[in-house]
Amino acid sequence: MKKIYSYAEAINSGLDYILKKIPNSVIVGQGVDRPGGVFGTTDGLIGKYSNKRVIDFPICESLMTSSAIGMANRKLRPILVHQRIDFAMYSFDALFNWIATWRFKSGGTSTLPLVIRAIIGRGWGQGPQHSKPLYPLLSGIPGIKLVMPTTPFDAKGILIASALSNDPVIIIEHRSLYGLKEEIPVDGYAVELDHERIRNIGEKLTIACIGDASNLILKIIEKNRNLKNKIELIDLVGIYPLTITKIVKSLKKTKKLIIIESCWDSLGVGHKILNKIIKECNEKKIKLEKEPMLIGLPESHIPTSHYNENQFYLDENILLKAIRKKL
Amino acid sequence: MNINNHSSLKKLLLRKNFLLNGLKKNDHEIFNKARFIREVQNQLKILYRKDELIKCPIHLAIGQELPAVILNSRLKKEDDVYCHHRSHAHFLSKTNQLNKLFCELLGKSQGANKGFAGSQDISYAKKKFYAGAIVTGGVGIAVGSAFASKLQNKNNISVAVFGEGASHQGLFWESINFSVIKNIPIIFFCENNKYATYSDYKENFKSESLSSIASSFGITTLITNTFDYNDLKSKILKSIAIARKGKPIFIEILTYRYSPHVGPDDDTKAGYRNSSEINFWKSHDLLDLYINKYLKINYNNKFNEKIIKNYNIAKKLKFKKVKNWHTLNFSDEYLPLFKKIKISKKLKLNNRYQKLFTPNPY
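Residue numbers (the working numbering), protein chains in the order written: chain C, 1 to 327; chain R, 328 to 689.
Incorrect hints may appear among the rest.
Partial list, derived from the structure: chain C residues whose beta carbon lies under 8 Å from chain R [stated by the list, open to error]:
no.: 1; residue: Lys20
no.: 2; residue: Ile22
no.: 3; residue: Pro23
no.: 4; residue: Lys52
no.: 5; residue: Ser62
no.: 6; residue: Ser67
no.: 7; residue: Asp93
no.: 8; residue: Ala94
no.: 9; residue: Trp98
no.: 10; residue: Lys105
no.: 11; residue: Ala190
If you are wondering where the hints come from, they were derived from the structure by calculation, not from laboratory data.
Bear in mind the structure is a predicted one, so any value in this text is a computation, not a measurement.
We put the beta carbon where it would ideally sit given N, CA and C, even for glycine.
Model the full assembly from the supplied sequences, consistent with the hints where possible.
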C-alpha cells in the first residue's frame, strides 16, 4: 500500500517502523518526546512506545553523542537527532575520536550500531548558527557512513537501512525538504546506503546533486519541458562511502557534467567527487565534451532573515543559466 | 582531620603510618594480584628500553594498582569498565590477559585488538573492558552504558575510570549531572594522582577537593586514598554496592604514581615534581609495606619468570600484513530484517513533481 507522505512524515513513519521491528532501538534527542517534536519527525512516537524508547535529552550534545556509544555498546540501537548540525559540533570528540575509531581500535571485534540524524536548518530565517551546511566535515572519515536523502522515499528507506546497519551512520537532513511530498510505501523498506538515485532520465547533460538541489532542478524541468529528455538528474544519496557507477554510466551517454552542491566550494565534497569521476572516466575512456562544472553556495555565512536568505541560495535562474551553458 | 586532598593526606601520613593488620585470605589475593601488576609494569619499564620493540606510548600506573584490583575483585563479568589511557592495571584486573596485553603492545595480531590499539586504547570486548586515550570521552560513554542498563532493567553497573585531569572538560560535568537526574548505576571512579599530565590539581581548581564540587551536583561522594588499605577497600566496595542498587556514585581515590606520566624514563626533569616528593609517597607505599610485613627478607619475586615468559612468546610472534583496511573500519553488516537491503529502481523515475516548499506544520 502506498500513501502520500511529506519528507517529515516519511521519517516519522520510518522511525515508527524501526521502533516496532527492532526491539532494542531507542530514539534520543532534545524534544523527541514533545508533540510535533523535531519538525514533526518524532511526533506521536512517545505515546506508542513510552519514554523508555523515545528519550528526551538535556541540552548537552557532547554527552548525548558520547552516551550513545555506551548505549550501542550495551546492545541498544540508538537513533540520535541533533536538531541542527551546528549543535552536533559539540560532539566532535565523540564522533571523530570514539565512534569513528571504535571498530578499528577494537581490531574489528566490536561495532557500534548507531544512527545520528543531523539537520541543516535551511529555510525561514535560521541564520549563521543554525543553517551551516557542515556535512563535508563529517564525510570521508573511516568508520562513519554519511548519507543525505532528499526525497521522502529515500528519507524513509535510508533511515531504516541505517537503523539496521551495524556500522555508525550519520544522516543529513535538510529542513527545507520537510514539506516535500511523495507517494511512498506505508510498510517498511530499505534503501542501500551508498546509493545514487536517478531522478530524471535524459540524453544530453548529467547533473549530479549533493544535497537538496535536485528538487530545484526538477522544478526547472517541470517548467521547461524541452529539458525533460535532455537532463539526466542523479542524486548522490550516499556521500561516504561513495559510489559513482551511475554517474559514470550516464556520462558515457551525455558526455557533459554539472555537479551541484549544497555547500561552499571551499569546504564541499564536490571537488573530491569530481576528481573521482574524472579518474574513472579516463579509465573507461569516456571523453567529456565540455569541461565539467561545479556549482556551490556563495562563500559566505548564511543570513538570517528569510528575504536575505533567498538571495543567498541557488535559484532557478542561476541553475537554468548554467544548464543552458553546458547543454 | 578531614582528608580531602593530597596536602591533608600528606600531613596525616607525616603523623602516622597505616598498618596492615587483620588481613584475610581475600586481602592477600588482592595484594598478590597488585604485586603482580606492579611487577609487569616494572618489567615493561626495563623491556621498553632494553628491546626497543614496544613502539607505542605506555602510561605506567606504578603506585596506582590497588584500586583497580579491589574494584575488579567485586565487579561482575557483565559490568562495563571504561578506563583512562593509564590502562594496564585495570586491563589486567578486569581481563586477566597478560599475553594479550604484551601482544598488543608489540603490535602483534594476537593482541587484545590485533595490535591496532596499543597500550592507551586497549580494549577487550569479551570481558567488557574499554580504554581510550582521550580521557573524558570514556566518562560520557560509561554514562550511556549505565543508562542502557537502566532502560533494559538489567542489574549491571558501569564504571568510568579517570584521573582528576578528566574533570577539566565540560563533558565531565554533563556526565555527573545527567547521572544524577536519571539516577543510573554508574561509578565515577576518580584516581586522583595529583597531576593532570604535569599540572598540579591546585593550579587548576580553586575548590579544595573535586569531591566537594561533584557533591554540589547532588551525587553521593566517597573519598579515600591508596595509603590506607582498610579505608580504600571498604569505600570501593561501598561504591559498588551503591551502584548495584541503581544509583550513581562518585568515589575519589587520592593516589600517587611513582612512574612518569608517559614512557619508561624519569620525568622529574619536566619540573613538575622532584624525587623527594616521589620518595615521600613511595615510603608509605602499601605494596612495599605488605612485602616487608608478610614476605620478609630474601624476598624472591615469583612473578618475574611468568612475565618474561609471556613477553618472550609475544615477542617471537610474526607481524601480520593487513589485507583489507576497509573491513577494519566498516563491518558492512545489517540486521537481517530484510533479506537483502534493496531498492526499487523504477519507483522514482516518473517523479511526479509535487510542490516543493509545502509549509511544514511544525
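Taking the hints in turn, this is what the structure says about them:
The interface hint given for C:Lys20 is broken, as the beta carbon of that residue sits about 11 Å from the closest beta carbon of chain R, more than 8 Å. Taken as an interface hint, C:Ile22 checks out: its beta carbon lies about 7 Å from the nearest beta carbon of chain R, inside 8 Å. With a least beta-carbon distance of about 10 Å to chain R, the hint placing C:Pro23 at the interface is violated under the 8 Å criterion. Interface hint status for C:Lys52: upheld, as the beta-carbon distance to the closest one in chain R is roughly 5 Å, under 8 Å.
For C:Ser62, the shortest C-beta to C-beta distance to chain R is roughly 5 Å, which falls under 8 Å, so the interface hint holds. Restraint check, C:Ser67 versus chain R: the minimum CB separation of about 3 Å is within 8 Å; hint holds. The closest approach between the C-beta of C:Asp93 and any C-beta of chain R is roughly 5 Å, which is under the 8 Å cut-off, so the hint is satisfied. For C:Ala94, the interface hint holds, since its Cβ comes within 8 Å of a Cβ in chain R; the closest pair sits about 7 Å apart.
A least Cβ separation of about 5 Å between C:Trp98 and chain R falls short of the 8 Å threshold, and the interface hint therefore holds. The interface hint given for C:Lys105 is met, as the beta carbon of that residue sits about 4 Å from the closest beta carbon of chain R, less than 8 Å. With its C-beta approaching chain R no nearer than about 5 Å, C:Ala190 sits inside the 8 Å limit, and its interface hint holds.
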